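Colleague: Chains as they are written, first to last, in our numbering: chain A, 1 to 306; chain B, 1001 to 1501.
Note that these hints are calculated values from the structure, not bench results.
Be aware that a few hints might be false.
What the hints assert, rightly or not - To give an idea of the chain B side of the interface with chain A (calculated C-beta under 8 Å), a few residues:
#1 Ser1038
#2 Lys1119
#3 Gly1189
#4 Ala1192
#5 Pro1223
#6 Asp1224
#7 Pro1225
#8 Thr1233
#9 Arg1236
#10 Thr1386
#11 Thr1387
#12 Gln1425
Fair warning: this is a prediction, and the values are worked out from it, not measured in the lab.
No residue lacks a Cβ here, since even glycine has one placed at the ideal position from N, Cα and C.
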Amino acid sequence: MGAYFVRKLIEAAAVCVAVSIIAFLLVQSTGDLAVAMGGLDASAEDTARLREVYGLDQSFVQQYLSWAGRVLHGDLGQSYFSQEDVLTLILERLPVTATLSVASLLLGLLISIPAGVYCAMKPDGWFDRSCLGLSVLGQAMPSYWVGLLLILLFGVTFRILPISGTQSAASYVMPSLTLAWFVFPVFLRLSRAGMIDVLSSDYIRTARAKGLSERTVLFKHALRNAILPVVSVATVQFGFLLGGSIVVESVFSLNGIGLLAWSAIQRSDYPVVQAVVLIVAIIFVLLNVVSDLLNAALDPRLTSEQ
Amino acid sequence: MKNLKIFALSMMTLAPASLCAGQADNSLVWGYDTQLESMNPYATNKGKAQLVMRNVLEHLLYRTADGQAKPALATSWTWVDATTIDFTLREGVTFHNGEAFDADDVVYTVAQIKNPDAKISAQGDYKFIESVEKTGQYSIRMKLSKPTPSAIDRLSQTLFILPNETYEAMDAAEFGRAPVGTGPYKVTGFEAGQMVEFERNEAYYDAEWGQPQFDKLTVLTLPDPQTRLAELTSGRVDFVWGLSPDDMMQLTMSPDIETVSGDSTTVTFLSLDPNARTGDNPTQDKNVRLAMIHAIDRAVVGQVMQGAASIALESSCHPKQFGCIQDVAGYEYNVEKAKEYMAASAYPDGFEMKIAAFTENARIAEAVTGYLRKIGIEATVDQRETTAWVKDYFAGEIPVGIVPWPSNGVYDVSSITPFFFEEGQGDYIGDAEINAWFAEAGSIIDEEERLRLYALGFGKMADEVLNIPMVTKVTNYAYRSGLDFTPAADGYPLIYMAGWK
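Generate coordinates for the entire structure from the input sequences, incorporating the hints supplied.
Modeller: Spelled out as structure tokens, the structure:
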């Protein structure tokens, strides 16, 4: 188990380095920081001066190594625009994105797991078909549109929820619903399929034959096994939510790291982009490691097979 | 999708508005589309970000809603010669923290900007200033790097005066979080990327334009346009701008919201490559250029994309700018004529063309592609991220592109010609005569001669169809009824001049 843990950590570190190189490459190839800073009307000399002042005239490798060296010493650099410490910028915004992601994930799980269990109890019934229809809708409707519909309904027509900002807990309700709507289909299908599979297994038949109540069979014996893949996927989904909430943060004007990354990408402010990508990648990779370790703990064959 | 948007907007505008909190407590909330990461004006090159900072920090001059430069921190000025201006500064002005304003602050500010190692965005905006020297506690002499007829106008848009002692004691980031200026409002709260809160500067001097009216002012960042409209109709926000004609049409249905369209100095043109800067290409053929300009209904593009107030251009500059000669060869929208020119060109069977554009200009590019396809040019939009577009355009790698140019709000064509028609990075025309005319016109003071030279340059550009002037940009505003607001002629509204009726 120890060797397995170490191997997973090494893999995780390699993934983070690869992600940071790719992100660095993408930011450099799609924009030009000196041009972004100088503006449209900067002359060639102005742009050249900015390149020199910010060390952008160095080669890609030099710039990356310089950045990576500072990161290894805990210095994520400064935003080229606000001159603010990047770590400060991220730490200021991370709670917003984390709150949104956790709330969305919990909401998605709380709705989809009971629904999935009920669907599995009566497959092809009206409830099952309705839920499957909803999950198709959930996958088909863009978050942007769902967000606007919620704003229209709860923010403009009924005026019971704030439309934007993070001034209160209520501010997170609509954004969380929007993201939960996005994760709902995945969890619903997983929990439904898992329960259908488990409910047809021999040990459930045995449990029922022993005269256990249906509630005990469902929630004590069946759900415990059926939910394992959901838990595993939920950790990965949490990573997706952390890094993929840009649209929702923009629609609801939540000052999270998604919005920070978006504005930084637009300006080619690569210290900020790099830091956001790196931190989200680390969180994402660590969540995967935790997921792998949990699975390994639950099923020790995994460690010996790999 | 557009129908859905219109439906959604209709629902929003039909919903009853809440009590206007802004008018009740004499405050105003501005739903803003740009994220403000810093309140240091020298940390950004964005005109929209600097617009918010004008509430706090001031220039030597300000511009009235109808475009006149008037005294702000400078009370008067005198041209000594073509490159020297003497300014008399306002006495008795203090910064928000009590530091007294005088000539040292102006000298210090210019020294900061001119420092080659300074991490200042848009340093090029100040290239026209050579130096500033103190000639008295409340007087300075400004030396220009060359004769700059538009210097006074530029100084109403640039050069935020910093408090020398305060700025020296802070770093740029610290000043960006808690800026100190002489302006009509003081910053009381700043959440980077989210909001700025201001309160009225009770010690504000007796300014020519008047006194700030709101007790409190909040600039709330709302990046999504639909969210801005929702916040306006729900009552949390009092003022929004930068609306599309669709949005404006829908908002007219709401009884407690007023809409108004204002002008700007931004123009759009379709850049071609007649001089083969990018290599051989069809736009070298004058017949192709003539076909293209006849094929595009520029008036309709302007009205649909910008609004009824948009003007179809004959020259690539704003008619309000000094030297913008629009009385040049004009080309009507005439598809048959365009087809004739195509038939007479070296490309009678048409060709493929990519039109590079960024941000909302891609919509104009889309419209242009539709027109060009009618005459056999298989045009497609090459939409890019802004800095990628700028980098490639200035590197001479974009044969056809939509160029939007705000001129930094300056009412003089010398704020556009050096970048595109005078051997600048954006010069795809490469005409020695035009370069010489424009360069001379931008460096002399004699207005008559300047006009003559600009007429020659824009005249030749039109005769040869060296690019395709498109339309002016319209700035659309919507706000709660009861607000006394006059749109700015340059598209940069000074909200501190507004108030509740």
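Colleague: Could you run down the list of hints and mark each one as holding or not?
Modeller: Each hint, compared with the structure:
Here the hint on Ser1038 of chain B is kept, as its CB sits about 4 Å from the closest CB of chain A, short of 8 Å. The closest approach between the C-beta of Lys1119 of chain B and any C-beta of chain A is roughly 6 Å, which is under the 8 Å cut-off, so the hint is satisfied. Violation of the interface hint for Gly1189 of chain B is found here, the shortest Cβ-Cβ separation to chain A being roughly 12 Å, above the 8 Å cut-off. Satisfaction of the interface hint for Ala1192 of chain B is found here, the shortest Cβ-Cβ separation to chain A being roughly 7 Å, below the 8 Å cut-off.
With a least beta-carbon distance of about 5 Å to chain A, the hint placing Pro1223 of chain B at the interface is held under the 8 Å criterion. Proximity of Asp1224 of chain B to chain A holds as hinted, the smallest CB-CB distance being about 5 Å (cut-off 8 Å). This hint is violated: Pro1225 of chain B has a C-beta 10 Å from the nearest C-beta of chain A, more than the 8 Å allowed. Here the hint on Thr1233 of chain B is kept, as its CB sits about 6 Å from the closest CB of chain A, short of 8 Å.
Hint status for Arg1236 of chain B: holds, given a least beta-carbon distance of 7 Å to chain A, under 8 Å. Annotation: Thr1386 of chain B was flagged as interfacial toward chain A, and the flag holds, the nearest CB pair being 7 Å apart, inside 8 Å. Interface hint status for Thr1387 of chain B: upheld, as the beta-carbon distance to the closest one in chain A is roughly 4 Å, under 8 Å. Annotation: Gln1425 of chain B was flagged as interfacial toward chain A, and the flag holds, the nearest CB pair being 5 Å apart, inside 8 Å.
Violated hints, listed in ascending order, are 3, 7; each of the other numbered hints is respected by the structure.
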